[in-house]
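Take the sequence shown: its letter number 32 is residue 32 in this note's numbering, and every next letter is one higher.
Hints in this document: simulated from the structure, not taken from any laboratory.
Each residue gets a CB set at the ideal place from its N, CA and C atoms; glycine is no exception.
Be careful, since some hints might not be right.
Claimed, not checked - Okay, the calculated beta carbon distance ranges per label pair:
#: 1; residue 1: 1; residue 2: 42; range: 16 to 24 Å
#: 2; residue 1: 17; residue 2: 66; range: 16 to 24 Å
#: 3; residue 1: 67; residue 2: 1; range: 26 to 34 Å
#: 4; residue 1: 3; residue 2: 25; range: 15 to 23 Å
#: 5; residue 1: 8; residue 2: 28; range: 31 to 39 Å
#: 6; residue 1: 1; residue 2: 47; range: 17 to 25 Å
#: 7; residue 1: 67; residue 2: 22; range: 13 to 21 Å
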Amino acid sequence: MMKTIDLHVHSNFSDGTCTPEEIVNLAIEKNLAAIALTDHDDIGGIERALAACRQKNAPLQLIPGIE
């Protein structure tokens, strides 16, 4: 079975509309294996997304990034 990942996600820390926590929840709902949080000029959402992954104890890999 092929795993699905999204390598280009923006949160409300740049030009996205969802919080990092909402992004993690959506990724889990969509059964994604991994996401890359790649906000513009800001890494502030990465710690919140990592905390959300730990809290959910989900098999979701978070790849930190920046654009």
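Here is what the structure says about each hint:
1. 1 with 42: 16 to 24 Å: Since residue 1 and residue 42 have Cβ atoms about 34 Å apart, the given range 16 to 24 Å is violated.
2. 17 with 66: 16 to 24 Å: Check passed, 19 Å falls within 16 to 24 Å.
3. 67 with 1: 26 to 34 Å: holds, 30 Å
4. 3 with 25: 15 to 23 Å: Holds - the Cβ-Cβ distance for residue 3 and residue 25, about 19 Å, lies within 15 to 23 Å.
5. 8 with 28: 31 to 39 Å: violated, 18 Å
6. 1 with 47: 17 to 25 Å: For residue 1 and residue 47 the Cβ distance comes to about 31 Å; the hint is violated.
7. 67 with 22: 13 to 21 Å: At roughly 19 Å between Cβ atoms, residue 22 and residue 67 fall inside 13 to 21 Å, so the hint holds.
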